[in-house]
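Start from the sequences, fold in the hints, and give me the full structure.
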Amino acid sequence: MIRLSNVRKGFNLGRPNEFIAVGGVDLTLEGNRITVLKGPSGSGKTTLLSLIGCMARPTSGRISLLRSLLGHNGFLKDGDMPEVEVTSLPERFLTEIRRRTFGFIFQQFNLIKGITVLENILLPTYPLGKKHRVVRKRAEELLDMFALGDRTAARVEWLSGGEAQRVAIARALMNDPPIIIADEPTAHLDSKLSGEFMDIIARLKGQGKTIIIASHDPLVFAAPFVDRVIAVRDGMIGGEGA
Amino acid sequence: MASWIEKQRSILDYTLSSLMRRKGKNISLFIVYTVVVFILASAMFFTQAMKREASLILKDAPEMVVQRLLMGRYDPIPLDYLQKIRGIRGVISADARLWGYYYDPVVGANYTVMVPRNQSLSPGRIIIGNGIARDRMINRGDIFSFRAHDGQSRSFTIDGELPAASELVSADLILIAEADFRDLFGFPASHATDIAVSVINPKELLTIARKISEQLPDTRPIIRDEMVRTYDSVFDWRGGMVIVLIMMALLAFVIFAWEKASGLSAEERREIGILKAIGWETSDVIAAKTYEGSAVSFFSFTFGILLAYGHVFFSAAFLFAPALKGWSVLYPDFRITPFIDPYQVAVLFFLTVVPYTVATIVPSWRAAIVDPDSVMRS
Amino acid sequence: MISSPSLKMSGKARLSVRKSSLCLVLFGAAVLLLGAMFFHAAYQRQADAPLIVHIAGVVKTLDLTDLCLFTEARYTRHPSQADLYSAFQDHPASLEHFPTGSIAGPPAALRRLHGKLD
Ligand SMILES: Nc1ncnc2c1ncn2[C@@H]1O[C@H](COP(=O)(O)OP(=O)(O)O)[C@@H](O)[C@H]1O
Ligand SMILES: [Mg+2]
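Residue numbers (our numbering), protein chains in the order written: chain H, 545 to 786; chain E, 2 to 379; chain B, 925 to 1042.
In case anyone wonders, no lab produced these hints; they're calculated from the structure.
Check the hints yourself; a few may be wrong.
[Claimed, not checked] With a straight-line cut-off of 30 Å between C-alpha atoms, the simulated DSSO-like cross-links for lysine-lysine are: (1) E/24 / H/675; (2) B/943 / H/681; (3) H/657 / H/681; (4) E/8 / H/675; (5) E/212 / B/984; (6) E/8 / B/984; (7) E/326 / E/212; (8) E/85 / E/8; (9) E/24 / H/657; (10) B/984 / E/52; (11) B/943 / E/326; (12) E/26 / H/657; (13) E/24 / B/943; (14) E/204 / B/943; (15) H/674 / B/984; (16) H/657 / H/674; (17) E/8 / H/657; (18) B/943 / E/26; (19) H/736 / H/674; (20) E/204 / E/8; (21) B/984 / E/60; (22) E/85 / B/984; (23) H/681 / E/24; (24) E/212 / E/26; (25) E/8 / H/681; (26) H/674 / E/8; (27) E/60 / E/326; (28) H/675 / B/943; (29) B/943 / H/657.
[Stated by the list, open to error] Rough simulated footprint, nothing fancy, chain E against chain H, three-plus residues with beta-carbon under 8 Å: (30) 637-643; (31) 663-671.
Note that the Cβ used here is the ideal one computed from N, Cα and C, for glycine as well.
Written out as structure tokens, the structure is:
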């Protein structure tokens, strides 16, 4: 469970080009659900996702995560509360949360060019210092699962759009995070590939993941297995749908 | 600990993959770097080894040579100075040296003609350095003709050759009997070229030198230390060509380290953003960049040093030879003994590897502290 | 979409050596080579010692004062015996027409002397 209370995010504060991208959002997201943030371009969806995913800190307000979502994080002491407020944690802990708790699927996939599919997928595991053999086995399993087994040694720029998307998903899953965050995941995909993507998302939900997607693509927010659709407009939460 | 090692190895994996993809750029970088180290190390090895060799070879040179000065130039010294010098306390011996130069128009070379003090040659016979033998293609038994001071020609039979092993000091020597020497150059019997002096206590050498220049004000004593020091400054890093080489190499190095330090491409920045977004810490990114800088510089350094070693000590610094030979026609053929100094190698290491690595890290540091959310927008 | 058969083949090459292992091996080799260089230098110095003693012996018996490195002019052939005032060049900082002059600076004693004149 993720709880946002009165979260605001402004850019260039105190300067003439000051801009409030997220203005006072109260929101509770349940675990093991597919939630879609829906709204026009510039409404603040990406900003909201980056706040939830601990990539940026809110200007004011609090974001709390259920303790069990944080896994075996080194910085958590036994006596901690059932909920952990992440907004005030130091940068190092935020990095650790990003690494273990969230898997990110970016709009432009954000794969690193020039290195192989396998290496791209291994990247999130490097800071953990796990045994190479172990993580490599997991990467190969994931690649097989996403029908990328024969593309392991291919460079990412050789991939088709659908393959690149699946590599991005596999990378997000490498550290087995409980929450998957996807920003406009279907923006560069045709209808067929978008449908395949949503099928994968449904499968991940079946495995117990919590999924948060920002999109204004009807193929995403109108999909039957989406649990909750939240409308975002001008940095504010609007009406809800399902 | 095991996990720390695994982490560093993984980061190194990434660094290497990332180096490999800009193969052309990184290989040319490696080559430039290697060449810079090669030039610096060659100059360093060469000058250091020559200095050491010169000091070892000249350690038994005359303790002091006394020249006579006339109008500020050196001039034959009267033999009656010998007695005066021998009279100074602490002097064991003073001996006249007879030597001069002979220009050989046949090959255009300058020879050193000298009368050996401890070896008596029969009149009409000479011993030649093996450099002369090589250049003139003459050997034992052949006749060598000089054009004497009076314009007449004098012929000598070659009695032997100085050994090739001592070429470094004797390639251009012609040993000749005293009477022949004086006859050849028209050198009066009352004079010598200069005087070699030896003393009882080497510690008194300076005092004795001062006494000589007091008693014989028109002389100039040159003590052995000064001879050795001459070669120290000839092969000093500040010396002529060496400093030009060093400056050029360092300049090239600064330019390309600067190119590194002046910033990352947009592509590299984006990559750092991605790494941070997927859970790399700032320190992990910096570690990756550190490995990049140190891998490139360490391997270039090693390669450059090894090449320089081969160049100087296996090929007798053949790239420097044209400069060393200059206009000389006669040049000794010698192999340089590898007097290398680990301290100097270490200095070169810290002068190249460290600044380059730092130049690689600094810009990535600035990129590594950007907010990871920057990658969420294009 | 690029998917030539050869790429698929390489895609299956799952038993490859890690780049870091390769790098560490190269690193070890480089360190060994550097060590070998110092070792060779030490060995060669030892081997050359008799030769140097021999040359020093020639210097002693013939009362030599200089190395026969630059035979182009008398002040380069015997730099340590060169005239005080015309040695190397008229001024230590002037450029030389003999290439040797750019390698061989004036002796320290001369520099000191000229230092006062500068
Ligand atoms: N770093 C930033 N600096 C200034 N303005 C920003 C920054 N990031 C986002 N914005 C602004 O915030 C608004 C919301 O952006 P975003 O969250 O990307 O919207 P969406 O994802 O819904 O298209 C946009 O108007 C955008 O221009
Ligand atoms: Mg967006």
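Cross-check of the supplied hints:
1. E/24 / H/675: Answer holds: residue 24 of chain E to residue 675 of chain H is near 29 Å, not above 30 Å.
2. B/943 / H/681: holds (17 Å)
3. H/657 / H/681: It holds: about 22 Å lies between the C-alpha atoms, which stays within 30 Å.
4. E/8 / H/675: holds (9 Å)
5. E/212 / B/984: holds (25 Å)
6. E/8 / B/984: Answer violated: residue 8 of chain E to residue 984 of chain B is near 64 Å, above 30 Å.
7. E/326 / E/212: Violated, at about 39 Å.
8. E/85 / E/8: Violated, at roughly 81 Å.
9. E/24 / H/657: Roughly 14 Å separates the two Cα atoms, so the pair holds.
10. B/984 / E/52: Status holds; Cα separation ~19 Å.
11. B/943 / E/326: It is violated: about 47 Å lies between the C-alpha atoms, which goes past 30 Å.
12. E/26 / H/657: Status holds; Cα separation ~16 Å.
13. E/24 / B/943: holds (15 Å)
14. E/204 / B/943: Violated - the C-alpha atoms of residue 943 of chain B and residue 204 of chain E are around 62 Å apart, more than 30 Å.
15. H/674 / B/984: violated (70 Å)
16. H/657 / H/674: holds (24 Å)
17. E/8 / H/657: holds (22 Å)
18. B/943 / E/26: holds (19 Å)
19. H/736 / H/674: violated (37 Å)
20. E/204 / E/8: With Cα atoms ~63 Å apart, residue 204 of chain E and residue 8 of chain E exceed 30 Å; violated.
21. B/984 / E/60: Judged against 30 Å, a Cα distance of about 9 Å means the pair holds.
22. E/85 / B/984: holds (24 Å)
23. H/681 / E/24: holds (29 Å)
24. E/212 / E/26: violated (67 Å)
25. E/8 / H/681: This hinted pair holds, its Cα atoms lying about 17 Å apart.
26. H/674 / E/8: holds (7 Å)
27. E/60 / E/326: holds (25 Å)
28. H/675 / B/943: holds (15 Å)
29. B/943 / H/657: holds (18 Å)
30. 637-643: holds (count 4)
31. 663-671: holds (count 7)
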